[in-house]
Amino acid sequence: MSSNIPEITDADLHAYVDQRLDPARRAEVEAYLEANPDAAARVRDYRAQNDLLRAAFDNVLEEPVPDRLSHVRPRWSTMHFAAIAATLVIGVSVGWFAHVASPNRVEVVMSSLPQQAAIAHVVYTPEVLHPVEVDATQEQHLVKWLSKRLGKDVHAPSLVEAGFQLEGGRLLPGDDGPAAQFMYRNNTGERLTLYLRTAQADSGESAFRFAQEDKVSVFYWVDRDLAYALSGEIDRSRLLNVAEAVYHELNP
Amino acid sequence: MSEFDEFIRDQVPRLRRYARALLGERSRADDLVQDTLERAWTRFHLWQRGSNLRAWLFTVMHNVFVNQHRKNSREAAVALDDAPEIAVNDGAAQSMDVRDLTKALTQLPAEFREVLLLVSVEQMSYEEVAEVLNVPLGTVMSRLSRGRARLRALLSGESTPPLRRVK
Numbered sequence: 025m026s027s028n029i030p031e032i033t034d035a036d037l038h039a040y041v042d043q044r045l046d047p048a049r050r051a052e053v054e055a056y057l058e059a060n061p062d063a064a065a066r067v068r069d070y071r072a073q074n075d076l077l078r079a080a081f082d083n084v085l086e087e088p089v090p091d092r093l094s095h096v097r098p099r100w101s102t103m104h105f106a107a108i109a110a111t112l113v114i115g116v117s118v119g120w121f122a123h124v125a126s127p128n129r130v131e132v133v134m135s136s137l138p139q140q141a142a143i144a145h146v147v148y149t150p151e152v153l154h155p156v157e158v159d160a161t162q163e164q165h166l167v168k169w170l171s172k173r174l175g176k177d178v179h180a181p182s183l184v185e186a187g188f189q190l191e192g193g194r195l196l197p198g199d200d201g202p203a204a205q206f207m208y209r210n211n212t213g214e215r216l217t218l219y220l221r222t223a224q225a226d227s228g229e230s231a232f233r234f235a236q237e238d239k240v241s242v243f244y245w246v247d248r249d250l251a252y253a254l255s256g257e258i259d260r261s262r263l264l265n266v267a268e269a270v271y272h273e274l275n276p
Numbered sequence: 005m006s007e008f009d010e011f012i013r014d015q016v017p018r019l020r021r022y023a024r025a026l027l028g029e030r031s032r033a034d035d036l037v038q039d040t041l042e043r044a045w046t047r048f049h050l051w052q053r054g055s056n057l058r059a060w061l062f063t064v065m066h067n068v069f070v071n072q073h074r075k076n077s078r079e080a081a082v083a084l085d086d087a088p089e090i091a092v093n094d095g096a097a098q099s100m101d102v103r104d105l106t107k108a109l110t111q112l113p114a115e116f117r118e119v120l121l122l123v124s125v126e127q128m129s130y131e132e133v134a135e136v137l138n139v140p141l142g143t144v145m146s147r148l149s150r151g152r153a154r155l156r157a158l159l160s161g162e163s164t165p166p167l168r169r170v171k
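One line per chain: the protein sequences are A and B, in this order. One point on numbering: in the numbering used here, the residue at position 179 of the first sequence is 203, and numbering is uninterrupted. One point on numbering: in the numbering used here, the residue at position 34 of the second sequence is 38, and numbering is uninterrupted.
Be a bit skeptical, because a hint or two may be false.
Some chain A residues close to chain B (C-beta under 10 Å, calculated; not the full set) [said to hold, decoys possible]: (1) Arg49; (2) Leu76; (3) Leu77; (4) Arg78; (5) Phe81; (6) Val89; (7) Pro90; (8) Leu93; (9) Val184; (10) Gly187; (11) Gln189.
The calculated label-pair distances, taken between Cβ atoms and stated as ranges, are [as the list claims (entries may be wrong)]: (12) Ser160(B) x Asp159(A): 56 to 62 Å; (13) Pro61(A) x Arg58(B): 36 to 42 Å; (14) Asn210(A) x Asp14(B): 48 to 54 Å; (15) Arg78(A) x Ala157(B): 37 to 43 Å.
Chain B residues, not near chain A, derived (Cβ > 12 Å throughout) [unchecked claim]: (16) Arg13; (17) Gln111; (18) Val139.
Simulated from the structure, these hints should not be mistaken for laboratory data. Note that beta-carbon positions come from the ideal geometry of N, C-alpha and C, so glycine has one too.
Produce the entire structure from the sequences given, and follow the hints as far as they go.
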């Protein structure tokens, strides 16, 4: 090789195979390959690999996409989703607890809570056929199952006094492990969801906090080893009443 | 309005193609795609607006794949040993070349296979591949180089002791 041409490296040969060299460098590599039959054979084989790999798998692109893959995405519109995902408005906290845990620990537990809860809310509440995985007729089984999966004793609070009946619940993927959702409905068809995930054992208690995630209002709090978020597309003061009922049901 | 939806929809065939090439078998590959899509939308708030959404989706798939692969590497190795004929085209007639190729692919270490497929099948730039796999560019180049060399050896029928499986 002439000394004023930069050495042809292995990376150059790959970039040549993949046609990612500018014309000047390509010409230099071609000159090198003319003089190095072993390298030229390797490059030929690598190009053949590329062709073979594409030929072997390109037909997948033509296959009809199975139903289960075309319905994975959320049902609401992109803008709606983006608005929920991008907005995290932490509202005024309404606290009545005597002792509030050290802020850092609770902040970590709570940072993504209202958003995750609101997303789960908007995904499952429009469901007509499958709003829940296990319905309220099997409440005992549901609670036992979710307790087992979360590794904590969870309870589905009765919200009958607030006018909401338990419909059932489901297991969800949370940030660091399983999460659970209980769904409630009143006789006008309004739905509320209670989202639960585990908190560290010594998280203590936090005040109620409020977040508005697009149309979904969320009250959320940490109570001992669980974090709760109650979501609904209802008026904030009504939601607060229900949130208080949830808290009292869980702390009789 | 539905730009994001449409984009995801457009990418599903490509995600399926990559998953199929990575895993061989159709239903396992589609499981990986489904897990990826589910994870993608719960993680959507982590995607930086304006950044490469396609690379991001492949990153999500890579992470799901690595987690599952790590968990199942033992069973997967056994499954591959027990399944010498991987039906890549699901019964469609395929040439000997393609069958040899897909069999050889399954014998490559997963990290080589990923780089090779992203470069050759997905035709990503090396920089994109580095972004998807979250490794330095130099690592991409060395995996590409070693992956191609091993595949070449496998396809030419050379014996490659480090790849031989012990039953």
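* Against chain B, with CB atoms and a cut of 10 Å, does the hint on leucine 93(A) hold up? -> 6 Å, holds
* Asked: Does the nearest C-beta of chain B fall within a distance shorter than 10 Å of the C-beta of proline 90(A)?
  -> 6 Å, holds
* Nearest-CB test (12 Å) between chain A and arginine 13(B) -> 7 Å, violated
* Would you say the C-beta atoms of proline 61(A) and arginine 58(B) sit inside 36 to 42 Å of each other? -> 38 Å, holds
* To do: Identify whether the interface hint at valine 89(A) stands, where standing means a beta carbon of chain B within less than 10 Å of its own.
  => Holds, about 5 Å.
* Asked: Any CB of chain B closer than 10 Å to the CB of leucine 76(A)?
  -> Hint holds; leucine 76(A) Cβ to chain B Cβ min 5 Å, cut 10 Å.
* Asked: Given phenylalanine 81(A) was flagged as interface, is its beta-carbon under 10 Å from a beta-carbon of chain B?
  -> 5 Å, holds
* Asked: Any CB of chain B closer than 10 Å to the CB of arginine 78(A)?
  -> The hint holds - arginine 78(A) has a Cβ within 10 Å of chain B, the shortest such distance being about 6 Å.
* Quick one, is the valine 184(A) hint okay against chain B at 10 Å, beta carbons? -> At 32 Å from the nearest chain B Cβ, valine 184(A) fails the 10 Å test, so the hint is violated.
* Does valine 139(B) sit more than 12 Å from chain A, CB to CB? -> Given a closest Cβ separation of 15 Å, the condition holds.
* Asked: Against chain B, is glycine 187(A) within 10 Å by beta-carbon distance?
  -> 31 Å, violated
* asparagine 210(A) versus aspartate 14(B) beta-carbon gap, inside 48 to 54 Å or not -> 40 Å, violated
Of the hints listed earlier, those the structure fails to meet are numbers 1, 9, 10, 11, 14, 15 and 16, in rising order.
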